[in-house]
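> Here are the chains, one letter per residue:
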Amino acid sequence: MADFFGFNTAMPGRQGGRVALNLEEQQELDRQVQKYALETGEDFEIYDYGETYDNLADDLEETRDDLNDETFGDVQRDEGTDFDFARNTRQVAPALKKEEELYIQQNDIAAGGRRSSFASLWENDAAGQQDNFNKGLPEPSHAASSIWGSFSNTTAKVQDPVFGVGTFLSRNTGFGNNQPSLEEIEAQLSRTAGGQAHMQMPSQQERKMMSLEEVEAALLNINGGRPIYSEAMIAEQQAKQARLEQRRAERMAKQAEIAKHNGLMTQGDKDFINRIQISQLVTDDPYADDFYCQVYTALRNRHLQQMGVPSNSMGGDANGQNDNNRRRGGNGRTEQRIQQQVQKIVSDAKRNPKRTNVTVEGALGKIAVNSVLNPRQLLQVSKRGANEASGGNSPKTSSPGPVSTKSHTVLGWIENVYTYVLALEQKRRQQPPPPRMGEEELAREAIQRWNEEYGILARKMWDELRITVPIGIVHPHPFISILNYSKGKKVIPRVLRHLLPEQTLTLLTMLVANFESLNVCKAEVYADVQGNQEIELFMNTIVPPLLGFVSETPFRIVVGLLALFIERNNMIWVARSKPGLAFLTLFLSRAEILKQGQGNYPIPDEREVNQWNELYNRLFSQLQTQFSALFMPKATMTEDVHVWRFLAAMAVGASVDQQHVLVTEVREQVLENVIAAQATRSAPEKAAQRIANVNLFLHALGLDASQVSVPAM
Amino acid sequence: MDEHAPLESAGIEEPLDLVRLSLDERIYVKLRGDRELRGKLHAYDGHLNMVLGDVEETITVVDVNDETLEEVIRIVKRNCEMLFVRGDGVILVSPPSRA
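Chains as they are written, first to last, in UniProt numbering: chain S, 1 to 713; chain D, 1 to 99.
Bear in mind the hints are in silico, worked out from the structure with no lab data behind them.
For each residue, glycine too, the CB sits at the ideal point set by N, CA and C.
Please note that a few of the clues may not be correct.
What the hints assert, rightly or not - Simulated pairs of lysine-lysine, BS3-like, Cα-Cα distance not exceeding 27 Å: (1) Lys487(S) with Lys406(S); (2) Lys487(S) with Lys40(D); (3) Lys487(S) with Lys460(S); (4) Lys490(S) with Lys40(D); (5) Lys406(S) with Lys77(D); (6) Lys40(D) with Lys406(S); (7) Lys406(S) with Lys522(S); (8) Lys522(S) with Lys490(S); (9) Lys40(D) with Lys522(S); (10) Lys460(S) with Lys427(S); (11) Lys487(S) with Lys30(D); (12) Lys240(S) with Lys270(S).
As the list claims (entries may be wrong) - Okay, the calculated beta carbon distance ranges per label pair: (13) Glu536(S) with Thr58(D): 27 to 37 Å; (14) Ser407(S) with Cys80(D): 43 to 53 Å; (15) Ser407(S) with Thr60(D): 37 to 47 Å; (16) Arg35(D) with Pro684(S): 47 to 57 Å.
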């Protein structure tokens with residue numbers, strides 16, 4: 001308790017004072033003070049003056065100061081600069097100010113609670129003291145409060161000789177309740193009474209002076225010792241600095257808050273957490289569980305390859321990984337570590353088959369292990385199908401009956417087809433690897449088993465398509481009903497991949513035989529947007545794979561298909577539809593190719609050719625007078641390409657007379673296109689398209705659009 | 001493959017099987033908050049979360065006049081190319097009513 005905030009509180013010059021009390025007296029006095037304070041419940045420093053004042057001042061002579069000048073000399077005399085505190089202070093004012101700011105800040109941060117005692121100190125102490133000293137001075141600025149605090153403190157010391165020991169002590173106690181008791185201070189005082197106090201005198205003096213200077217500087221500031229504008233600027237700057245300081249402090253605090261938890265987890269802990277999280281996502285069967293990601297990745301890779309970017313597979317072969325690392329720079333290591341983790345987990349998962357629950361030794365219950373793939377089961381619904389199977393009679397599964405074609409029935413078929421298609425695609429991905437040396441037997445077994453399973457699925461899918469349902473039992477035919485849904489059309493390319501060639505032929509036959517009941521053949525579908533979408537879908541999904549199939553069929557089969565087509569359908573009706581024309585074109589052009597001996601088949605014999613010619617003539621006669629009607633009203637030239645293509649296919653196989661008929665019938669359309677192409681206002685690419693369309697047909701006849709003479713209009 | 005067990009020809013065993021039949025078809029969805037959707041069902045799950053394409057959303061708003069307390073029914077429509085519907089708002093799913 002030697003000093004208080006750096007100020008030595010040891011009492012100066014105690015034994016030299018006239019009022020030195022002995023120890024007993026002192027203690028007695030203090031006891032009284034304390035007792036009084038306790039009784040009144042008030043701070044005793046308020047009363048300390050009256051209690052402890054030793055009336056020494058009464059002895060001072062207040063009058064008869066006339067001879068003071070004689071005693072002390074001329075007051076106006078120059079005293080030198082030894083006591084010009086103000087100037088000295090001004091020289092060090094900036095440093096003092098800074099020091100004070102620091103001091104205030106420290107206090108602000110360190111002890112909010114202590115500040116209140118400071119304030120009280122100010123009120124109790126300094127206010128009274130200040131009046132004694134500087135009457136008429138304006139109130140000091142708030143910023144200088146601490147100065148005042150220290151000032152009043154030291155003032156008390158200055159006046160010690162006057163007020164006596166008691167006053168000094170009571171001042172000290174005024175610092176707050178957390179200050180040591182009077183006894184303690186007294187003990188301290190008596191200990192230091194030895195002469196130590198004398199030694200401390202010089203430094204004490206210095207401090208005293210400093211604080212006086214501070215006071216003066218502060219007063220000067222307030223009294224306009226400096227220009228006002230600089231005052232404002234300083235205040236502004238201070239405020240700015242304070243703001244910055246505050247912001248910085250806030251930021252630091254925030255960072256500290258975050259950094260508090262730094263290093264809590266070791267790398268091992270982090271890996272452990274990662275493993276737990278990733279193990280939820282690991283699967284043996286990425287195609288079934290993560291289908292969209294797989295497909296998306298495959299598509300994206302294909303796209304990137306087309307763009308010339310090296311592929312970057314999900315699984316990540318060594319090359320791919322390096323590539324990744326290089327590109328992502330800093331993240332590389334983390335990524336690599338995660339990839340290692342994943343590999344570890346995957347291999348773990350492969351070693352230990354999935355368990356749904358764990359029994360810990362010694363535990364009473366089982367711990368259910370739930371994951372994404374094995375969620376907690378909430379409902380136990382027994383499936384009817386399972387019951388039937390256990391009952392032993394399942395007539396429905398073996399032969400799907402050709403019941404009604406009510407919409408939900410057909411939709412159910414389509415869904416079943418999708419189910420089997422997905423299962424088949426899955427099976428294909430799980431195809432057993434080719435036999436390795438020494439394991440032929442094992443591999444053969446696996447392959448055989450796979451083939452069996454695949455065959456069963458393929459047959460189920462075939463049954464669901466209901467292609468083999470005899471024609472005429474229900475109308476439209478179940479297979480056609482399936483094709484009348486857009487999702488039914490969409491599944492066909494995927495179905496065809498799993499069909500045997502004879503099954504595909506059956507499918508094609510059934511389609512051709514029932515062609516006119518397809519919704520895409522109905523004229524009204526051309527009327528609206530949705531209908532046109534359906535046609536587009538048909539052209540994009542069903543025609544291409546079947547075109548691929550037909551382009552490998554022998555002549556005999558083409559003849560058979562066309563015969564069935566003409567037999568079973570109204571040609572005029574069918575030919576007006578885009579898909580119908582497409583199929584007709586397909587058969588005609590294929591037959592022509594085979595007739596000319598191209599393809600891998602021998603040139604058809606005469607009987608077959610005659611059969612074909614007969615068919616052709618039938619078709620031609622049916623369509624005669626209708627050729628120009630094949631063009632759709634208001635069709636744009638890109639939309640009637642298929643018509644020109646069909647006309648070309650017809651023209652190739654036509655006799656001279658038939659060619660003449662053809663030309664006569666579509667003469668108007670040819671002229672129309674040529675004129676439109678020659679018209680100056682049409683765009684060059686459109687004109688070229690028109691000419692190209694017309695030439696499709698004219699070239700088949702051995703003509704060209706340039707030979708067409710446009711009659712003068 | 002359990003969840004995709006083939007439906008028997010008559011075979012609707014649980015309500016969601018009916019929703020499955022509507023995949024890739026246009027459906028009508030009634031939602032909480034006086035909203036209705038008409039669009040093509042691309043995907044759904046057990047919560048009836050759905051992905052719809054080419055959607056027309058119809059919101060029915062009832063404006064109450066503060067003074068007269070008169071209720072004015074307003075219908076707001078908007079179209080979305082693709083929409084994710086959170087299942088907790090779904091009241092009803094059905095094929096669109098055939099006009």
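> Decide, hint by hint, whether the structure agrees.
So, going through the hints one by one against the coordinates:
The suggested pairing of Lys487(S) with Lys406(S) holds, with an alpha-carbon distance near 16 Å, which does not exceed 27 Å. With a CA separation close to 12 Å, the supplied pair Lys487(S) and Lys40(D) stays within the 27 Å bound. A C-alpha spacing of about 19 Å is found between Lys487(S) and Lys460(S), which places the hinted pair at or below 27 Å, so the restraint holds. The suggested pairing of Lys490(S) with Lys40(D) holds, with an alpha-carbon distance near 15 Å, which does not exceed 27 Å.
Simply put, Lys406(S) and Lys77(D) have alpha-carbon atoms about 32 Å apart, too far for the 27 Å limit, and the pair is violated. A threshold of 27 Å between alpha carbons decides the hint, and for Lys40(D) with Lys406(S) the separation of about 20 Å falls inside it, so the pair holds. As the CA atoms of Lys406(S) and Lys522(S) are separated by approximately 20 Å, the hinted pair is consistent with the 27 Å bound. For the hint pairing Lys522(S) with Lys490(S), the CA-to-CA distance comes to about 19 Å; that is within 27 Å, so the pair holds.
About 23 Å separates the Cα atoms of Lys40(D) and Lys522(S), which keeps this hinted pair within 27 Å; it holds. Distance restraint check for Lys460(S) and Lys427(S): the Cα-Cα separation of roughly 14 Å lies within the 27 Å cut-off, and the hinted pair is therefore satisfied. Taken as a hint, the Lys487(S) and Lys30(D) pair is honoured in the structure, with Cα atoms around 24 Å apart against an allowance of 27 Å. Taking the CA atoms of Lys240(S) and Lys270(S), the gap is near 44 Å; set against the 27 Å cutoff, the hint is violated.
Distance hint for Glu536(S) and Thr58(D): a CB-CB separation of about 28 Å, consistent with the stated range 27 to 37 Å. Against the hinted window of 43 to 53 Å, the Cβ-Cβ separation of Ser407(S) and Cys80(D) comes to about 26 Å, which falls outside the hint. For Ser407(S) and Thr60(D), the hinted distance range of 37 to 47 Å is not satisfied, since their beta carbons lie about 29 Å from each other. Hint check: Arg35(D) to Pro684(S), Cβ distance near 51 Å, so the stated range 47 to 57 Å holds.
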